[in-house]
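Residue numbers (our numbering), protein chains in the order written: chain A, 1 to 67; chain B, 1 to 452.
Accuracy of the hints is not assured; some may be wrong.
[As the list claims (entries may be wrong)] Using 30 Å as the maximum straight-line C-alpha spacing, the simulated DSBU-like pairs for lysine-lysine come out as follows: (1) B:Lys35 / A:Lys52; (2) A:Lys39 / B:Lys183; (3) A:Lys45 / B:Lys20; (4) B:Lys116 / B:Lys376; (5) B:Lys376 / A:Lys58; (6) B:Lys183 / B:Lys116.
What the hints contain is simulated information worked out from the structure, not anything from laboratory work.
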Amino acid sequence: MRFSTKVWRVRTVSNEVLIIGGGIAGIQSSLDLADMGIKVHLVEKLPSIGGKMAQLDKTFPTNDCAI
Amino acid sequence: MLDVGRHPNINLMAYSEVQKVEGSIGAFKVTVRKKARYVEEDKCTGCGACEEKCPTVVPDAFNEELGTRKAIYAYFAQGIPSTRTIDPDHCRQLNGKKCGICKKTCQADAINFDQKDQIVELDVAAIIVAAGYDVFDPSRIPEYRYREIANVVTAIEFERLLSASGPTDGHVYRPSDIAARAKIEQLEKTLNKTTKALKRYEEKFGEASEDFYKKFQNGQFSDDEERKKWASRYEEYLGISGPLQELKKQAEGFSSAKRLAFIQCVGSRDFRFYPFCSGYCCMHSIKEAIIAHEHEPETTSAIFGMDIRAVGKGFEEYKIRGGNQSGITYVRGRVAEIMEGTNHNPIVIYEDTRERKVKSQEFDMVILATACAPTKGLPDLAKVLGIELDDYGFVKTNPVSPVDTTVPGIYVCGCAESPMDVPESVAQASSAAERAAEVISLQSLNKESAVA
Numbered sequence: 001m002r003f004s005t006k007v008w009r010v011r012t013v014s015n016e017v018l019i020i021g022g023g024i025a026g027i028q029s030s031l032d033l034a035d036m037g038i039k040v041h042l043v044e045k046l047p048s049i050g051g052k053m054a055q056l057d058k059t060f061p062t063n064d065c066a067i
Numbered sequence: 001m002l003d004v005g006r007h008p009n010i011n012l013m014a015y016s017e018v019q020k021v022e023g024s025i026g027a028f029k030v031t032v033r034k035k036a037r038y039v040e041e042d043k044c045t046g047c048g049a050c051e052e053k054c055p056t057v058v059p060d061a062f063n064e065e066l067g068t069r070k071a072i073y074a075y076f077a078q079g080i081p082s083t084r085t086i087d088p089d090h091c092r093q094l095n096g097k098k099c100g101i102c103k104k105t106c107q108a109d110a111i112n113f114d115q116k117d118q119i120v121e122l123d124v125a126a127i128i129v130a131a132g133y134d135v136f137d138p139s140r141i142p143e144y145r146y147r148e149i150a151n152v153v154t155a156i157e158f159e160r161l162l163s164a165s166g167p168t169d170g171h172v173y174r175p176s177d178i179a180a181r182a183k184i185e186q187l188e189k190t191l192n193k194t195t196k197a198l199k200r201y202e203e204k205f206g207e208a209s210e211d212f213y214k215k216f217q218n219g220q221f222s223d224d225e226e227r228k229k230w231a232s233r234y235e236e237y238l239g240i241s242g243p244l245q246e247l248k249k250q251a252e253g254f255s256s257a258k259r260l261a262f263i264q265c266v267g268s269r270d271f272r273f274y275p276f277c278s279g280y281c282c283m284h285s286i287k288e289a290i291i292a293h294e295h296e297p298e299t300t301s302a303i304f305g306m307d308i309r310a311v312g313k314g315f316e317e318y319k320i321r322g323g324n325q326s327g328i329t330y331v332r333g334r335v336a337e338i339m340e341g342t343n344h345n346p347i348v349i350y351e352d353t354r355e356r357k358v359k360s361q362e363f364d365m366v367i368l369a370t371a372c373a374p375t376k377g378l379p380d381l382a383k384v385l386g387i388e389l390d391d392y393g394f395v396k397t398n399p400v401s402p403v404d405t406t407v408p409g410i411y412v413c414g415c416a417e418s419p420m421d422v423p424e425s426v427a428q429a430s431s432a433a434e435r436a437a438e439v440i441s442l443q444s445l446n447k448e449s450a451v452a
C-alpha cells in the first residue's frame, strides 16, 4: 500500500551527515553511516558520549552489561 | 562507544551544542558551538592526576548526585573521549580564586584556562535527531514524598546504587545510611582538628583537658584569655564527640536494603502529567529486583502496578523467572501515599485490588519507576531545526514514516521520538541512518522516493 510519494529535487553541496545526541541511538546511527563510508559529525552536549544507557548497570532481558 | 571514538569516518564533537541550522535537504549549513573544556583534547592523555589533586568536590551528576566528583573531571570512568573537563561553575581558578593545582600537576601541559568556545561550521546533507529523554521529576507528585523521605529513590538512582562502578561499589546501601556515614566522616575530621588543638594546650600547660575544664568550671583561671579559649575548644570537643558516638553506634546496625518496593507508572499513565505508557519501566523494575536479589539472596521485592506490561522478545519469560526465582511479588494496585516510619523506613499505603482492601506495608527502600519525559532542551532544538513537536513535546512524526520529521532531510530516532527501550532505539537508529544515507545516494539521481 502506498500512502504518499515524495519527489526530491536535491542539489547537494555535501555528502556528510550531522547527528545530534550521543546516546545509544546516536551512536548506532553514526556507526551505521560511518560503516557505509559516509562522513558523520556526532554532536553531544555532555563531556562524554554514552547517554542514559551508560548509567545503566545491566540491560533486560538478558542481564548483559550496558557499557 | 570506543568504536565511535576511533572510527575514521566519525568526527566526534562532545561538549558541543548545535546553534543554528540553515538550508534544506541535501544542503544544510550548521553552526556548532564547541564549549571550552579548559583542557586541550589533543594533549590530554586521560591519566587523571589532575582529578586526584583537585581540591574542589562537587556532587556527581552521572551518579545522580549520590556520589561526588572533582571540579576537573571525566563524566564517567569509561567515557569517550577520555579527556578531562573543567567545570567552570565550580573551578576555583575560573571563579577568580587562586588555585591552578591541576595545571601544576599535569605532565602533558594540557590545562589551558584561557581556552574559548569554538564555533564550527558544517555542511551536511541530512540531520538525525537523537536527543534522548529526561527522567520525570517525581517531586511533582507530593504524595510520594520524593526528596522528603531519603529512602525513596528513582529507578535511575537505584541503577547507580546497583552498579559495581557506582558510588557504593554495587552494595545497595540506603541513602539515609550513606548520608549518616558521610556525617560521621565529617564529624571525625572536625574532631581530629579539635583534638590536635587540645593537645597543644595540654602540652603548653602540662595538664589534661578534662582536669583543667573541671577547675575552669569551678571558677579558676577566669581572667586568663588563653585558658578561656582552651575551655571553649574543650566544649566544642564535647559537643562533637557525644553525637559522633551515637551515630557510630547506629551505623553498626546499618545493612544493605533487603525489602524493596517498586512503584510503577510514576508520572506516566497519569492524567495529571503524561497520559502515555513509557513502555520500558515495568521491565527495568523487574530487572533491578532480579539484580538486587543476585547481589543479596535474602532480598525480596514487591512491584506495585496496574498491570505488568512485558511486551517484547523474552520479556514475559523474564517476568515469570523474576517471580519464581528472585523473590518478586507482583501486587495489582496503585500506591496512594508513602509515609516515613521509624528508622527512615518508607511505609507504602496502597489498595490491593484483588482483595479490595487498603493496606500498608513497611519497606527498606522504595524505587519509583519514573516516566520518560521529553528532554528539556528539545523545544529549543526544535526551533533551531524548524521541526514540529507533538502534544507531549516529543518530535512529531507520521505513523507510516516513523523516523521522518516535518522537515525533509531531518530524521529522528530513540526517545526523542517517543518512549522506547534499548533494542527499539537501536532498531530505529539504524532506520534513521538508512534514511539519511538515502538522501546522499538519491541526490545525484533525483529519484522518486516511495514511503511505505
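Hint-by-hint comparison with the structure:
For the hint linking B:Lys35 to A:Lys52, the alpha-carbon distance of about 21 Å falls within 30 Å, and the restraint holds. Between A:Lys39 and B:Lys183 the CA atoms are separated by roughly 52 Å; this puts the pair beyond 30 Å, and the hint is violated. With a C-alpha separation of about 15 Å, the suggested pairing of A:Lys45 with B:Lys20 holds against the 30 Å cut-off. With a CA separation close to 25 Å, the supplied pair B:Lys116 and B:Lys376 stays within the 30 Å bound.
With a CA separation close to 26 Å, the supplied pair B:Lys376 and A:Lys58 stays within the 30 Å bound. Note on B:Lys183 and B:Lys116: the hinted pairing is violated, with a Cα-Cα distance of about 39 Å set against a maximum of 30 Å.
Going through the hint list in order, the structure does not satisfy hints 2 and 6.
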